[in-house]
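Colleague: This is what each chain is made of:
Protein chains: 2
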Amino acid sequence: MLPFARITIIGLGLIGSSVARAIKANMPTVRVTGYDSDTGVRERARPLGFCDDIAGHAGTAVIDADLVLLAVPVGAMGAVAAEFAADLPADAVVSDVGSCKQSVLSALSAALPGAVIIPAHPVAGTEKSGPEAGFATLFQGRWCILTPPADAPSAATEKLRIFWQRLGADVEIMDARHHDMVLAITSHLPHLIAYTIVGTADDLGEVTQSEVIKYSAGGFRDFTRIAASDPVMWRDVFLSNKEAVLEMLQRFSEDLTALQRAIRYDKGEDLEALFTRTRDIRRSIVEQGQDDDAPDFGRKH
Amino acid sequence: MLPFARITIIGLGLIGSSVARAIKANMPTVRVTGYDSDTGVRERARPLGFCDDIAGHAGTAVIDADLVLLAVPVGAMGAVAAEFAADLPADAVVSDVGSCKQSVLSALSAALPGAVIIPAHPVAGTEKSGPEAGFATLFQGRWCILTPPADAPSAATEKLRIFWQRLGADVEIMDARHHDMVLAITSHLPHLIAYTIVGTADDLGEVTQSEVIKYSAGGFRDFTRIAASDPVMWRDVFLSNKEAVLEMLQRFSEDLTALQRAIRYDKGEDLEALFTRTRDIRRSIVEQGQDDDAPDFGRKH
Chain V
1 MLPFARITII GLGLIGSSVA RAIKANMPTV RVTGYDSDTG VRERARPLGF CDDIAGHAGT
61 AVIDADLVLL AVPVGAMGAV AAEFAADLPA DAVVSDVGSC KQSVLSALSA ALPGAVIIPA
121 HPVAGTEKSG PEAGFATLFQ GRWCILTPPA DAPSAATEKL RIFWQRLGAD VEIMDARHHD
181 MVLAITSHLP HLIAYTIVGT ADDLGEVTQS EVIKYSAGGF RDFTRIAASD PVMWRDVFLS
241 NKEAVLEMLQ RFSEDLTALQ RAIRYDKGED LEALFTRTRD IRRSIVEQGQ DDDAPDFGRK
301 H
Chain S
1 MLPFARITII GLGLIGSSVA RAIKANMPTV RVTGYDSDTG VRERARPLGF CDDIAGHAGT
61 AVIDADLVLL AVPVGAMGAV AAEFAADLPA DAVVSDVGSC KQSVLSALSA ALPGAVIIPA
121 HPVAGTEKSG PEAGFATLFQ GRWCILTPPA DAPSAATEKL RIFWQRLGAD VEIMDARHHD
181 MVLAITSHLP HLIAYTIVGT ADDLGEVTQS EVIKYSAGGF RDFTRIAASD PVMWRDVFLS
241 NKEAVLEMLQ RFSEDLTALQ RAIRYDKGED LEALFTRTRD IRRSIVEQGQ DDDAPDFGRK
301 H
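Each protein sequence line maps, in turn, to chains V and S. According to UniProt numbering, the first sequence is numbered sequentially starting from 1. According to UniProt numbering, the second sequence is numbered sequentially starting from 1.
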């Protein structure tokens, strides 16, 4: 049984275009309509063929959809929803793929009063952007978190669960507030730290940028990957999940200060104890299939 | 022309065993003798066959070597050098692969008065440890930094340069103090931050460890790789390069505080400007062959 027959995807970047491709690969009879507010992206998406049609306006894109999926920066959700609000079919389910869930629910609820809104977040991605960067297997073996509000019809949540499972994801239902806390530590803080250290390295006087690049294989290059992620998407994430990000950042800063002190006062045992403990988490991530065991992420040598 | 004919490697972990394997692959007529202070490692190394012989004592290992290469944690260099000091041939070159160069030169000079010491650092590695983890191509296309002291015979430095080039590395000569500053930002600080955030995540109450692991694909898992590196090796790195690490850490903390403030006060333009700038560094690293362009480090999807 197919949960949806006519799906509209708003936003045709890495995630939106990957969802479209995954639908084509796993539910080929579903009709996929695309829309992107950027004319250039619409033109680039067309020949890639992952949508059956690409609309010129948000309203015409949703007009007979039974699922409307927003794949735009979280700060743009409300505005784009307002654009198509008048054309949204009453029985359509509205969902999204954003990395913050409380702010998205607020924005969509305000723009689409009375609509069935089930926010969702597939925890998957790469550092690449744009419609060319998407691929059909992006969600295979990854988690997709649904955060239905208390009054959401359970049938709609169930259909969305089946939809994501068909794209290869494992589905979890979670409270939106808890989601935002979990993602603040597993995704938002890592990105913030990566952006920071790459910026710090870029600003040094004694060490040239060329040296930073040459010797990046000592660890630094790992951080540059996520620091190459979409700037607008990430600007919006930090502003939209401010409370949880600042909370996690505060804890991280305290822990970093403690390590700084351990280094200053030669507390070798404290350092070694932490470094031993962190190994176990890596092992669990690999065991649970959330990363490869290949050394160095399987990079070629 | 082969720069050395009889090479002794002290320490048979990831790096030492990779050097041995790379010698076998690129200079098969060179005789390689190995030694490790850990009896268990010596026993595991023997059947792997990357050494022609494995000695039971540091002194007997070096007795007719023309190159002695120390691949032990930087805090252990002085002690192991003292063990073989009496047996070191007068014309042997002593070098190492440690991640800090000022402290290693001090330790080796004190333990081996009059010896020819050319510290070196191949900027390469993986998060795996032990003799099983090494491989012959680890140094291909990576940089190896030599930090000869002012009074080092230039012929010895030249031989070491040829040696590392034959293992596939590009060689750079650098002042030891500058090396320690460069590596503090490109390697030591990234490891410190990765260890910290993995520890922070492990300590949370509201978010369980199982959630951190499940949703790690959002960015966190990237940090767990280097946070799985050898605990003793890294404890020694931070204590041995204390001054430069604390300096870089201070700069990083200032930059992180600035970003924290930008988030708190909704300075979206500041965030976006930084996130755009950091993309360029990633691009340069990929262009200069220090990382793959494949999305997500080329992980399988």
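Do not take every clue at face value.
Copies of the same chain look alike in the list, so a pair counts if it fits in one copy or across any two.
Capping the alpha-carbon separation at 30 angstroms, the derived lysine-lysine pairs in DSS-like fashion look like this [as the list claims (entries may be wrong)]:
#1 K267 with K242
#2 K24 with K128
#3 K300 with K128
#4 K300 with K159
#5 K267 with K128
#6 K159 with K267
#7 K24 with K267
#8 K267 with K300
#9 K24 with K159
Calculated directly from the structure, the hints in this document are not laboratory data.
Colleague: Against this structure, judge whether each hint is valid.
Modeller: Going down the list of hints, with the structure as the test:
Taking identical chains as interchangeable, the C-alpha atoms of K267 and K242 lie at most 30 angstroms apart only when they sit on different chains, with a minimum of 12 angstroms there against 34 angstroms within one chain. Taking the shortest alpha-carbon separations for K24 and K128, only the intra-copy value of 21 angstroms comes in at or below 30 angstroms, while the best inter-copy value is 39 angstroms. When the C-alpha separation of K300 and K128 is checked against a cutoff of 30 angstroms, the pair qualifies both within a copy, at 19 angstroms, and between copies, at 15 angstroms. In the homo-oligomer, the alpha carbons of K300 and K159 lie at most 30 angstroms apart only across protomers (28 angstroms), although the nearest pairing inside one protomer, at 41 angstroms, exceeds that limit.
Taking the shortest Cα distances, K267 and K128 sit within 30 angstroms of each other only across copies (25 angstroms), while inside one copy they are farther apart (41 angstroms). In this assembly of identical chains, the alpha carbons of K159 and K267 never lie at most 30 angstroms apart, being 54 angstroms within a copy and 39 angstroms across copies at closest. Taking the shortest alpha-carbon separations for K24 and K267, neither the intra-copy value of 56 angstroms nor the inter-copy value of 40 angstroms comes in at or below 30 angstroms. Proximity of K267 and K300 under a CA criterion of 30 angstroms is satisfied in neither setting, with 37 angstroms inside one chain copy and 40 angstroms between copies.
With identical chains, the CA atoms of K24 and K159 are at most 30 angstroms apart within one copy only, with a shortest distance of 18 angstroms there and 59 angstroms across copies.
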